Amino acid sequence: MKASHLILGTQRENPSDAEIISHQLMIKAGLIRQVSSGIYNWLPIGKKVLQKVEDIIRKEMNEAGAQEILMPMVQPASLWESSGRIDQYGKELLVFEDRHENRFCLGPTHEEIITDLCKNLLTSYKQLPVTLYQIQTKFRDEIRPRFGVMRSREFLMKDAYSFDLDKTGLDRSYQVMKEAYIKVFNKIGLDYRIVKADSGTIGGSDSEEFHVLADSGEDLLAFSDKSTYATNAELLTELQDGQDPSTLEGKESPDGKGILKLKRGIEVGHIFKLGKKYSEILNLKIQSEDKEINPEMGCYGIGASRIVAAAIEQNHDDKGIIWPESLAPFEVAIVEVNPKNKREISDKCAEIYDLMKKNEIDVLWDNREKRPGVKFNDAEVIGIPLTIIIGDRTLESKEIEIKGRQDEKPKLVSHQDLLANIID
RNA sequence: CGGGGCAUAGCGCAGCCUGGUAGCGCACCUGCUUUGGGAGCAGGUGGUCGCAGGUUCAAAUCCUGCUGCCCCGACCA
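Each residue of the first sequence is one higher than the one before, counting from 1 in this note's numbering.
Worth flagging that the hints you see were computed from the coordinates, not collected in a lab.
These figures come from a predicted structure and were not determined experimentally.
Glycine included, C-beta positions come from ideal geometry on N, C-alpha and C.
The hints are all genuine.
Here are the simulated SDA-like pairs of lysine to any residue, each with C-alpha atoms no more than 20 Å apart in a straight line:
no., residue 1, residue 2
1, K403, D392
2, K119, E280
3, K2, S346
4, K370, V381
5, K319, P15
6, K126, L165
7, K183, Q67
8, K357, D417
9, K251, Y229
What follows is a list of derived Cβ distance ranges for each label pair:
no., residue 1, residue 2, range
10, P44, D407, 24 to 32 Å
11, S397, Q175, 50 to 58 Å
12, K167, D255, 18 to 26 Å
13, E280, D255, 31 to 39 Å
Generate coordinates for the entire structure from the input sequences, incorporating the hints supplied.
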């Protein structure tokens, strides 16, 4: 991609109404623009990053045997009346009428729809176990949207639903999804913890949350420095009679391994064992060998758009975003310095650009007629991991300057070693 | 929903107190000179001053109502 053809949307100044760093940087780097409170446009760079999150999730879901479907964003309110959640969800559920005066709502989640779908789709126990998922826009009419796409009203979510004959099956399906989630977050490359959670309004028994560690997180987590033990600190203090969570720091971990540390977390994933709650209420029955049963259900969510913000919260500096390689909108930037009257520099950029494309490296060639500082600053705020600098200094030599996003100074590599340096 | 703040060009802001028909920086367009960390000069484009009433010869400015956005709290995934 040549920068001259890219709608970049970078801004020099911070927007006055963005509070947290990820929100500021997403606007400065041209990832998003606000439309209304809690509702955003995703610009080309932002969409590319979001797409990468989606692709990683999609791949691991498919790998785990889940099947992708797409359910509607608009749902009949009658289904929510049937499940009884129309009152429970309250005003967060955006309800409206169509021209025939039938009531609909924008889907904040899809337990009702999937259960209803499966009433027609799943007829025999031989089809079980099965897990279906979608990656789709959700709408929750938050009381107070804030922090950009971190707590927005409209957001992109992957939600999966499993159906099993019995509790043992549900345990197995849940475990498969949990392992897929671990692979997703490892692959994205964020520092995260899995914590025991309160299953809240969605209902059901077991539930665990995946949290990306970041100072701006809305939840306080307590976890062991030696084991995988981790919990929401507020749940832990409840057990210990309302004491200040900060007093837990340094105490022995409840599992006896290591001591407790406290950090804030951003919830990016949540997995539940729903049990028969929805299959009973909505009357989903499947024929087993000898009788009809209500299947055991699980549901599994990942906030795709929230992951983008969380990744930035965890990885940035005063210059801008520092993407993990898995999410970077481009792998390499070519900064063309001093192109006027220097046909050779443009030619050399073109040569390297072609080399990158041939090797399927996603490259942004900054061929704009801008000062070098503008180009360096744009590459840095966007967070492109590696920059190749082509200018007078190296025009005559056989060497090329490359600079990592966090390097102080560029280093020189020979033309023939260029690819090897980029690929690793 | 309670408390606080803001609304003037794409972004950041001044002007409002004391009414006289809109300005600055950045961005954008044209030209020339520049070019290794957000260039200089010259010229230029772009705004029903959030909306609706009212007061006045005259309203961005004063008055009333409304709307939107942000922050804190309560709520929640």
